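Peer 1: Sequence:
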Amino acid sequence: MNPHKWFLPNADCCCLWVARPRDLTAALSTDPEYLKNVMSLSRWFRAIKLWVVLRRYGAAGLRAHIRRHVTAAKWFEGAVAKDERFQVVAPSKFSLVCFRLIRPPGFPDDGDVNDVNRELLATVNATGRAFMTHFVVDGTFVIRLAVCGAATEMRHVRDVRDLMQRVADDVLIRRYQS
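Numbering (my numbering), first residue to last: 491 to 668.
Calculated directly from the structure, the hints in this document are not laboratory data. Predicted model, so just to flag it, every value in this text is computed and none were measured. Fair warning: there could be bad hints in the mix.
Claimed, not checked - Simulated crosslink set (DSSO-like; lysine-lysine; CA at most 30 Å straight-line):
hint, residue 1, residue 2
1, K583, K564
2, K572, K583
3, K572, K539
4, K539, K564
What the hints assert, rightly or not - For each label pair, taking beta carbons as the anchor points, the in silico distance ranges come out as:
hint, residue 1, residue 2, range
5, A509, R656, 47 to 57 Å
6, R656, P511, 43 to 53 Å
7, A537, I592, 27 to 37 Å
8, R510, L653, 46 to 56 Å
9, R536, I592, 35 to 45 Å
10, D628, R656, 24 to 34 Å
11, N604, D659, 15 to 25 Å
12, L586, R656, 15 to 25 Å
Note that CB positions come from ideal geometry on N, CA and C, so glycine has one too.
Work out the full structure: start from the sequences and follow the hints.
Peer 2: Structure, rendered in structure tokens:
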């Protein structure tokens, strides 16, 4: 598990849950006096980032943070599904929405829809108002929206939806009606 992706530490922090921590500690530890009660001798003390987050937010705060993001992603998925120009490629899990622009009814099938999606993604990212990534599976270009920023609110997700719709309008007009 990588908490830096969702649990608010900035980077480079991971967790390992074990049933019996003493067994793990016994197998991996050395016990010279100089190692007792120090944060770190040879490595960064990365766990402090997660500890601070857990102390600051608590389990309830982290759950609320994650639920807000999952709710926002589900809302975005629903907004994408309502627009006939878009296709939700896979049901949203957690806070990741995978979607793509499809050829709308009435538009000629004269090009690679993957190129249209590449242009859409590049144009959205170039605005600096949102940043999304993509992946290609079986030759299909898919756009990924991950709702996971520490300060991300529902209004930001709505703004991304509005931006996507405006940019999709522009891209489709440029591609098919010029």
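Peer 1: Against each hint, give a clear statement of whether it holds in the structure.
Peer 2: Against the structure, the hints:
Our distance criterion of 30 Å between C-alpha atoms is met by K583 and K564, whose separation comes to about 9 Å. Distance check on the hinted pair: K572 and K583 sit about 18 Å apart at the alpha-carbon level, within 30 Å; holds. Pair hint K572 plus K539 does not hold up; C-alpha atoms about 40 Å apart against a cutoff of 30 Å. With a C-alpha separation of about 29 Å, the suggested pairing of K539 with K564 holds against the 30 Å cut-off.
For the pair A509 and R656, the supplied restraint of 47 to 57 Å holds, since their beta-carbon distance comes to about 51 Å. In this structure the supplied range 43 to 53 Å holds for R656 paired with P511, their Cβ-Cβ distance being about 52 Å. The beta-carbon spacing between A537 and I592, approximately 45 Å, falls outside the hinted interval of 27 to 37 Å. A hinted range of 46 to 56 Å holds for the C-beta pair R510 and L653, which are about 50 Å apart.
About 43 Å separates the C-beta atoms of R536 and I592, a value consistent with the hinted range of 35 to 45 Å. Distance hint check for D628 and R656: the Cβ-Cβ separation is about 29 Å, which falls inside the suggested range of 24 to 34 Å. About 19 Å separates the C-beta atoms of N604 and D659, a value consistent with the hinted range of 15 to 25 Å. Take L586 and R656: their Cβ atoms lie about 23 Å apart, and the range 15 to 25 Å holds.
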